[in-house]
Amino acid sequence: MTTLRMKNPAAARQPARFNWLKIAVFVLCLLPLARAAWIVLSGAAVNPVEFITRSTGTWTLSFLLITLAISPLRQLSGWSWPLRLRRMLGLYAFFYGCLHLTTYVWLDQFFDWPGMLHDIAKRPFITVGFAAMLLMTPLAITSTQGWMRRLKRNWGKLHQLVYPVALLGVLHYWWLVKKDLTQPMLYASVLAVLLGWRLLRKLRHKA
Amino acid sequence: MLIKKPADIQPSEITPEGVYFNRRQFMLGSAGLLLSGETLAALASKKSPLSTSDKPNSLKDISSYNNYYEFGTDKSEPAMYAGSLKTRPWNVVVDGEVGKPRSFGIEELLKQPLEERIYRLRCVEGWSMVIPWIGFPLSSLLKQVAPNSRAKYVAFETLQRPSEMPGQRSRVLDWPYREGLRMDEAMHPLTILAVGLYNDVLPNQNGAPIRLVVPWKYGFKSIKSIVRIHLQEQMPATSWNMANAHEYGFYSNVNPEVDHPRWSQASERRIGEFLKRKTLMFNGYGDQVAGLYRGMDLRKNF
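Residue numbers (this note's numbering), protein chains in the order written: chain H, 9 to 215; chain R, 134 to 435.
One should not assume that every hint holds.
Claimed, not checked - One side of the interface only, derived from the structure: several residues of chain H facing chain R at Cβ under 7 Å: (1) S50; (2) V54; (3) R131; (4) K187; (5) D188.
What the hints assert, rightly or not - As a list, the in silico DSSO-like pairs of lysine-lysine whose alpha-carbon atoms are at most 27 Å apart: (6) H:K130 - R:K411; (7) H:K187 - R:K411; (8) H:K130 - R:K233; (9) H:K187 - R:K433.
Since the hints were made in silico from the structure, they are not lab data.
Since this is a predicted model, take the numbers as computed values, not measurements.
All C-beta atoms in this analysis are idealised placements derived from N, C-alpha and C, irrespective of residue type, glycine included.
Kindly produce the complete structure, drawing on both the sequences and the hints.
See below:
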C-alpha cells in the first residue's frame, strides 16, 4: 500500500508525516496472522491445514464486517477519522481472503486444478466462496486514489459490490458447517444489522 | 485406615484443587488421562493380527482433536470439557431380542480378554488417524446375552447427562446420541468395544469408559460412552441420519466413490501428514468386510 501511495501524485503532495493511527491499525490487523503462524509453528494445531483455512476464512469475514461498520460508526458518532481507515480495512479483508484461497489451492488441494474446478461447479459453498473472492478482486485493484479519480461516480457504484461479497461470504460459511450454525449465525446477524441500518437510512431519506 | 471416608464419595470424584483450577491446561498437558482416578493401572492386552502396520498417531493428537458433540462442537472442546464426566459407576444394559438380557458393570467389562487393535479411523469430514485401541470383540459380549432370531439390528445409546455433558444443553443433536449396526456388522470380528488406547483406559474425550469402534465406517458410527445396547428387529434410528438424512445414511461405510453432498470423500488428510492420501474403499478393510454388502447398491445405501 505504501508503494501505491508513493506513485500517487496527490498523496505525495501531502506532508510526509507519520499517521500513527494508520500505522497502529495496520500492525493490529496483522495480529491474527501472527497468532495463526504462532499456533501452527508451535505445533499446537493438530490439523494445521484445517486450522489455517478456518482462521483465514473467519478473519476475512470479520474484516469485511468491520469495513462495513465504518459508515454506520461515522454516522452514529459524527467522527470522521474512521473513514480514513476504511480502505485499509477493506484491503485487509482481501488480504485474508487471498490467504484463505491460497490455503485451499495449495495446502488443501495441492494444485489439483481439475479437482478444484469440480468443487467450484459442484459444491455450492465453494461456488459462493469463489464468487465472493472474484467480486472482491476489482474492489482491491480499484482501491487507489488514481482509480477513484478515473472512475469518478462509477467508483462508488462499483464498490457497492462489497454488499454481495459480504452476503456470499456469510453464505459460504453457513453452507459449509456440518451442524452447529452458531458461528455463521453470529456473522449473519452482524451483517443483517449493518445492512439493515443502511436500508433504514435510505427509507428515512426517501420519506 | 482409622478415619473412614464417607462411602458416598467415590475417590474418582475428588479432584485436587490445584488440578481443578488449572484444569484446562491439565487436560491439554496430560490429555485428561489421569482424571478418572483408576488410570494408574495400565491395561494388559494381547497384540492382534487384525492391527494395521500404519504408524499410530500420538496420544496428544488422538486425545486433543475429537468430535464429541456432548462436550461441544469444536474439536478442541471435548479435551477441555470432558473431564467433568464421571465414568464410575458405569453400567451397560444389553437387552431387547435376547434370551438373557442383563446389565454389565464396567469393572466386569474391563476384565474381558483385551486385545490391542491398531485401526485406521476415517472421519466423515475428510481427516483420518491411526489409533491403538484396547478392547474386545462386540460379538463376545452379544453372545453372552443369547440373541434370538428376531435380533436383526443392534442399537446403541450414549449416556445422557447434561450436568456433566455441557453440549447436551444445546439442541445441536437430538440427545441421547444413537447409533446402530446390522447384526452381521455387529458380529464381525473387526467390530470391537474399546475400553482403552495406548495401553491405558480411554481418555474421557475419546468415549470413556466404553465405546464402539467399527473401522470400515465413518467415525461417527463408532458411538462413545455407551450405556445401552438394544437388539431389535427394526433398523434403528441413528443420530446423524436423524439430523440430516440426505447427508448421513445408516450404513456410512467409508467409500471414496460416494461423495458427501458438500465435499469429496475421494481423499483424506491423515493427521500429521502434509499431503492428502487417497481414501480406500471400506477404509482399507474391504478384504474382510466387502462380503457383508454383496449385491447392495452402496450409492443408495450410503
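Worksheet item: Does the structure break any of the earlier hints, and which numbers would those be?
Response: 1, 8
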